[in-house]
Amino acid sequence: MTIRCAQATEISEALKDGRWPQGCDPELRTHVDACRSCRDLVLVTQIFQEARNKSGPTERFDSPGLLWWRAQLRRRNAAVERVSKPITVAQRFAVLVNLLVVAGFVASQFGSSNWLPKWAGLSRSRAFHLETFRSLAAVNLDWSLVLVIPTLGALALLSGVVLYLASDRH
Amino acid sequence: MRTTDTTGEYVISRVETGEESQAAKQPMDSDAFTGFYQRSSRPLWAYMARVSGDPALADDLMQESYLRFLCASRSDEGEVAHRRYLFQIATNLLRDHWRRPRPTPIDDVPEAVFALSDHSSHTHSQMALGPALLRMRPRDRQLLWLAHAEGYSHREIAEITGLASASVRLLLFRARRKIAKLLRQQGSGDGTRS
Numbered sequence: 001m002t003i004r005c006a007q008a009t010e011i012s013e014a015l016k017d018g019r020w021p022q023g024c025d026p027e028l029r030t031h032v033d034a035c036r037s038c039r040d041l042v043l044v045t046q047i048f049q050e051a052r053n054k055s056g057p058t059e060r061f062d063s064p065g066l067l068w069w070r071a072q073l074r075r076r077n078a079a080v081e082r083v084s085k086p087i088t089v090a091q092r093f094a095v096l097v098n099l100l101v102v103a104g105f106v107a108s109q110f111g112s113s114n115w116l117p118k119w120a121g122l123s124r125s126r127a128f129h130l131e132t133f134r135s136l137a138a139v140n141l142d143w144s145l146v147l148v149i150p151t152l153g154a155l156a157l158l159s160g161v162v163l164y165l166a167s168d169r170h
Numbered sequence: 001m002r003t004t005d006t007t008g009e010y011v012i013s014r015v016e017t018g019e020e021s022q023a024a025k026q027p028m029d030s031d032a033f034t035g036f037y038q039r040s041s042r043p044l045w046a047y048m049a050r051v052s053g054d055p056a057l058a059d060d061l062m063q064e065s066y067l068r069f070l071c072a073s074r075s076d077e078g079e080v081a082h083r084r085y086l087f088q089i090a091t092n093l094l095r096d097h098w099r100r101p102r103p104t105p106i107d108d109v110p111e112a113v114f115a116l117s118d119h120s121s122h123t124h125s126q127m128a129l130g131p132a133l134l135r136m137r138p139r140d141r142q143l144l145w146l147a148h149a150e151g152y153s154h155r156e157i158a159e160i161t162g163l164a165s166a167s168v169r170l171l172l173f174r175a176r177r178k179i180a181k182l183l184r185q186q187g188s189g190d191g192t193r194s
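These protein sequence lines are chains P and Y, in that order.
All residue numbers for the first sequence refer to our numbering, where the first residue is 1 and numbers rise by one.
All residue numbers for the second sequence refer to our numbering, where the first residue is 1 and numbers rise by one.
Just so you know, the hints here were simulated from the structure itself, not pulled from any lab data.
Any given hint could turn out to be false.
Unchecked claim - Below 30 Å or equal to it, Euclidean Cα-Cα: the simulated DSSO-like pairs (lysine-lysine) are:
1. K16/P <-> K178/Y
2. K54/P <-> K16/P
3. K181/Y <-> K54/P
Please take these sequences and the hints and turn them into a complete structure.
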């Protein structure tokens with residue numbers, strides 16, 4: 001099976017340049033009449049070129065200025081998203097670490113004796129205000145823990161940023 | 001330094017100043033885009049409308065093609081390369097569209113959608129092209145349009161569609177033979193139309 005006739009390139013060029021058929025050799029025209037592949041090439045190319053030239057009206061298209069500004073807006077939004085992404089990732093990481101610390105703290109308190117009855121008694125009392133809460137904190141919360149949790153949170157935030165920047169660089 | 005080459009004056013001046021050479025590598029600005037859009041929008045729309053068979057879809061995908069083209073912020077590689085890149089984006093968007101589940105498969109699109117708004121200016125062969133394209137596979141429509149309407153070479157079509165250049169040659173040959181047969185069957189082809 002012959003995929004491409006030897007004359008096909010010359011005929012394609014003539015069709016592309018608008019030289020077909022008047023601007024071509026009579027021999028080439030005779031060849032096209034005899035060669036099925038070249039006849040197909042001429043027929044299909046002429047119909048497709050005509051279809052391209054008679055394609056839809058340009059009134060239906062958006063203005064290029066509008067497209068330009070929409071593209072600028074999209075680029076700006078993408079840039080903002082790219083800049084804010086490490087902050088979002090770090091925040092999520094920090095929340096996760098804080099939740100783990102709180103969960104660990106609660107678990108440790110459950111492990112100790114008579115912690116839950118105090119909460120139960122507190123919820124029953126009418127005076128559920130700051131003083132009561134402070135008294136509870138005085139019983140179980142160590143001040144060092146109050147300092148440790150925010151510190152861990154800050155460290156988590158920073159490590160999240162560092163992790164993101166390191167991965168982004170790769 | 002000047003040369004007698006037809007394009008030499010422009011090239012040499014860019015080399016001499018350096019600044020213009022840097023400017024040539026900048027992404028397309030608004031004015032340049034307007035000119036490029038005016039020259040490329042109609043062929044791009046025709047490609048998408050004919051290949052998809054859906055003028056409304058062509059409208060949507062054309063907008064998206066230009067937006068992605070602008071957001072890609074490629075350096076100034078010349079109009080030919082820009083146009084090829086634009087067709088590559090459009091081809092990918094069409095492919096994505098066909099991959100998505102849709103209520104109306106492309107093969108079920110009625111023939112009427114292939115008819116463009118200006119019926120009066122269509123010749124008999126043009127009226128036959130829509131139904132003939134409808135019976136071709138989407139990939140064949142793409143290859144035929146890129147080769148015969150846009151005049152791209154096999155290598156350029158391979159770059160746009162992601163196919164191998166040798167495959168493009170064979171697929172295009174088969175597609176051309178099939179659509180020529182369809183066109184003749186519908187009475188539009190009178191041989192060489194010379």
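A quick look at each hint next to the structure:
no., hint, verdict
1, K16/P <-> K178/Y, "holds (22 Å)"
2, K54/P <-> K16/P, "holds (16 Å)"
3, K181/Y <-> K54/P, "holds (23 Å)"
Violated hints: none; the structure is consistent with every hint.
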